[in-house]
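Trainee: One-letter residues, chain by chain:
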Amino acid sequence: MNDPVIRVERLGKSYRIGQLQSHRTLQESLSNAAKLPVRALRSLVRKEAGRPSKNPTIWALKDVSFEIRKGEVVGIIGRNGAGKSTLLKILSKITLPTEGRIERRGRVGSLLEIGTGFHPELTGRENIYLNGAMLGMKKTEIARKFDEIVAFAEINRFLDTPVKHYSSGMYVRLAFAVAAHLEPEILIVDEVLAVGDTAFQRKCLGKMNEVAKGGRTVLFVSHNIGVIQTLCSRAILLQNGTVLADGDAAETVGAYLRRLEGFASQDLSTRPDRGGKGLIRITRVEISMGGNSPASILATGRPARFAFSVDRARPGMSCSFTVYDQFGQPVTFFDSAVHGRGDVSGLPDTSAFVCEVDELTLMPGRYRINAAVMWNGEYQDHLEAAAYFSVEQGEFGGRPAPQEGGYGNLLIHHRWITPGSKEALQ
Amino acid sequence: MGENSLLQAKTSVSEEPQPAVVIEPLKGWLSFDFHELWEYRELLYFFIWRDIKVRYKQTILGGVWVILQPVMPMVIFSIFFGALARIPSEDIPYPIFTYTALLPWHLFASAFFASSRSLVMNQSLITKVYFPRLFVPLSVILGGLIDFAIAFTVLLGMMYYYRINLTWAALTLPLYLLLTLLTALALGLWTSALNVVYRDVHHVITFLTQFLMFATPIFYPASLVPERWRILYGLNPMVGVVEGFRWALLGKVQTLEFSALLSLPIVLLLLVSGLLYFNRTEKTFADVI
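Listed in order, the protein sequences are those of chains U and H. For the first sequence, our numbering assigns the number 1 to the initial residue and increments by one for each residue that follows. For the second sequence, our numbering assigns the number 1 to the initial residue and increments by one for each residue that follows.
The set of hints was computed from the structure by calculation and includes no laboratory data. Only true hints are included.
Lysine-lysine pairs mimicking BS3-like chemistry, simulated, CA-CA at most 30 Å apart:
hint, chain 1, residue 1, chain 2, residue 2
1, H, Lys-57, U, Lys-138
2, U, Lys-138, H, Lys-53
3, U, Lys-70, H, Lys-283
4, H, Lys-53, U, Lys-139
5, H, Lys-283, U, Lys-62
6, U, Lys-93, H, Lys-283
7, H, Lys-57, U, Lys-139
8, U, Lys-139, H, Lys-283
9, H, Lys-283, U, Lys-138
10, H, Lys-53, U, Lys-93
Ranges between beta-carbon positions, derived for each pair:
hint, chain 1, residue 1, chain 2, residue 2, range
11, U, Asn-376, H, Val-54, 34 to 40 Å
12, U, Arg-125, H, Tyr-162, 42 to 48 Å
13, H, Leu-145, U, Pro-120, 23 to 29 Å
14, H, Glu-36, U, Gly-275, 35 to 41 Å
15, H, Leu-145, U, Ser-167, 33 to 39 Å
Glycine residues also receive a C-beta, built at the ideal position from the N, C-alpha and C atoms.
With the hints as extra help, turn the sequences into a complete structure.
Mentor: Structure below.
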């Protein structure tokens, strides 16, 4: 019973840098081959073998080892580019490792992206069969599970509608339903549930729990730390392709959060883990109450000031950021491209954005922000955990703000009215 | 995948230790997992079924296209080559002479063309779902048989019209069909895998298909080819196929008795090397596609 179902030994995966960028043309290879026949031929063979060559390589995973036992629910966390998705792809056999090995026992159901197996022109019914077959189910097996899948996905009425007419929520529901009803011994789920609505997310988490209770194994990637903590008994933290922490979910999540904070204090321009086209980069984020108050400490009901510096000024660029609570749940979103009444525009080519809040409506606690810069209709830069800040207790609308750890994380201006008062009569 | 997955479907988790799937860097030249191909065999059927369903959805004429594709060139060839250029057709009415050749040719050309693009067309699947990649080009090629069957009914109608009777020789048709499919598969395996890495391969395919069409006796009889070139000519597998089709259905014509045999080693060589190359590269499709 306690045999490992997955044993990963010193796993490594490298990509040639050029490999990720462009498809070569045959012409190019042939002209190279004409010049240097032997070398070109060798490189052709090497490349297809997936072995490292002399070209610069990046290691998406390096020296990763762990074992997972039957019935474990393991969360994999880490920032973008930490190697989470590469690990899941190798576990699912989609791509081969460059070194090391994996031993895997039992049928795998993997859901790396929602609805990839779906054909938009086919109906829900047809796609259930197609998707099931792609995941390794037999036709008879799908037929037996069919009603259960439909009921779980809640698509009965649209069963004979082509899935191109489905909403994204319906897509997710159907895709998850097929994968979860495959009855895999190992269920591998990438960050896909973020698409669905909360009610369905809960249902999926319930199903994953059920799968785990049935003695099967679940591997789960998520940015939602709250979900990892509730669902998983164990978590593995990846950073830059290596295992940084592996153990109790709460402890690993703690390590992850501390890690993120450590990153946030650095100069942002040197951070390698960023998204976007890169023509403009965020170099600094300063958060304060305004004036000379200490950085990164805010208080409920007081003003707040979020300042972002970028390395290049381009007319028409915009800045946006999302505030997350300590469980990784998004709280609110700000976007300079959406104009409001109080906006003040200065020079057209400024290299800073300042977002001022008159009265902070966040409850006390720790928060994190992800920041992004848009220009020319494209993301130029995207930074996870660009900054952290604490909100201290304060006063809000004449009341003391609730303590940290209360329910929710937002405050709203309000008043209470009791019968017999003047307001109640009006 | 789990060896016993079928048996376990009901009990879902068995206590017996299962054979492990080992995932490690590629070693050696050949790593076909025949057991896995067998496990996934129903997927091959589902891929064919998907392609056919999608092909006939959202089209006005639906199945009519399948018939028009070989019928239109037949009409054009009959006008220009048959009536105007008066290309000989061995005493067989020109339309049926060329249509008998167009049928297997069209099966080959469309299967080859579609299979060479099949992996790239299924890019999102290949990077996100694991299944035996071989089924992608294979399903496209087998799917072509359905279109062939539909277009074949037109030939039967024409044979009735021209009072040509089916003979026992028609029983050899499956052999020629098999040769057509193997040829398309051999070339399709090479080109689909190459297309993943080199996107300009499809230019080569267009050119190669055009060239092969002229090098196959579709709108002219093979007897037009000078004697001393016949051996070289016979190396094109489609020459044997077309000659075989005419012989099996229309009788009379058979200029190159051994041409089908001549091309056989070539097809087998291409097929085996294509399988090896495909097998060698399929593990990295997800990285380079």
